[in-house]
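Peer 1: One letter stands for each residue in the lines below.
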Amino acid sequence: MSSVAVIDYGMGNLHSVAKALEHVMPDVEVLVTADPEQVRNADRVLLPGVGAIRDCMAEIRRLGVDKEVAEAINSGKPFLGICVGYQALMQRSEENGGVDCLGHFDGTVRYFGDDLKETDGERLKVPHMGWNEVHQRFDHPLWHGIDDGSRFYFVHSYYVDAVDKPLVAANCHYGVDIDVAIARDNVFATQFHPEKSHTVGLQLLKNFLNWDGKR
Amino acid sequence: MALAKRIIPCLDVENGRVVKGVQFVDIRDAGDPVEVAKRYDEEGADEITFLDITATHEGRDTMVHTVERMASQVFIPLTVGGGIRTVDDIRTMLNAGADKVSINSAAVFNPDFVREAADKFGSQCIVVAIDAKKVSQPGEADRWEIFTHGGRKPTGLDAVEWAKKMVQLGAGEILLTSMDQDGVKNGYDLGVTRAISDAVNVPVIASGGVGNLDHLVAGCIEGKADAVLAASIFHFNEYSIPEAKQYMKERGIEVRL
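Residue numbers (this note's numbering), protein chains in the order written: chain A, 11 to 225; chain B, 764 to 1020.
Think of the hints as simulated: they come from the structure by calculation, not from any bench.
No false leads were mixed into what you were given.
Some chain A residues close to chain B (C-beta under 10 Å, calculated; not the full set):
1) K29
2) L126
3) R133
4) L134
5) P137
6) H138
7) F164
8) T209
Heads up, the beta-carbon is just placed ideally off N, CA and C, and yes, glycines get one too.
One chain only, chain A, in its complex shape (with noise of 0.2 Å):
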């Protein structure tokens, strides 16, 4: 039987995110754990998240799940990101008056602002919440079934801008455009939530219970 670990360092909700893994895929095992030893011999790593990034990136370093992800990601199993998940991996935040982050990827998370508005003048409210088009900039195993430019729900006030654009697998627009999804070798996560997403997230969810880590 194939395993997944969800990362459990206690920010937020991971029964959404367990039960959503067993409904696509009742006879996998998902492991809620914070647990080393359990982390390392899963065959599939999710790190979720929701809340401050301080208070989050101060339990992943408190927990040790600094190393945990690093391990994962390193061995080269399957790995996803999932919101503060996602953010997490890049170098630096700008919440709660600037945050370093774990540094997997280059790039810094950003504050939508407080005066957002459309290019038509409209103006935006924050946090980004509610169901946007996610734009796919390239073939991966995580899209398969998923039409490009379906809607996933999004609740976020700050956003990934990444550097190495080329590894942007995902972008939606929101007053600015914004990197909702990044891919790397074995390292696929996203700003939107797949748990909440209705089939495309279940799709998606699927796709990453499914995924050898290859591209």
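Add chain B to chain A, keeping to what the hints say.
Peer 2: Here is chain B on its own, set in the frame of chain A:
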């Protein structure tokens, strides 16, 4: 090419069953909340809201189990409101599988609870529900006040100022119910919806009084709401979610189809 306006069916739940009041008095039964939520999920609802109107402790335990059942079968965002008074109430609902909780009267009696909740769990999961009623007389400048206890008790608080204060304290979203309209199916109170949507930087959900699809359209366009919530027009099959979305799309509103 933009963020879609959300359509949110709301299920008023009492002792594990969906009910919907007309002006909070005349109650009809629309069935098992999880079954109803699954149907909405299949139809393409963008979120689901459960409002627990149960008064008893036993009823609240039933609600936790309902949320757990719901969260293992329905994979769109779920907001749970009604009787959320403590940090423990919030934790219980989030752990059961809710994505957001909606705080109502507890915010009126103790505004600092909103700050505490947002600090602990993040603004993204804290919705503040506001029940507003127009108090200005014809000929006066429009003024709306916050009411509690199902619209019976005035508080003297100005609704627009209150909404701004809730956002400052950490509310990530405002669920605005215009009380004088609720259940009578004359549509949202567009004046207060627009006034609050203009006054705050977080999304506003319009609620109360939806009787037809034009009301949903007006809530988005004239009321400038980011999401529209309705109950009975969906529960009793007057309109389906796809019909509502198609209707809105034809009138130039971005929706998720």
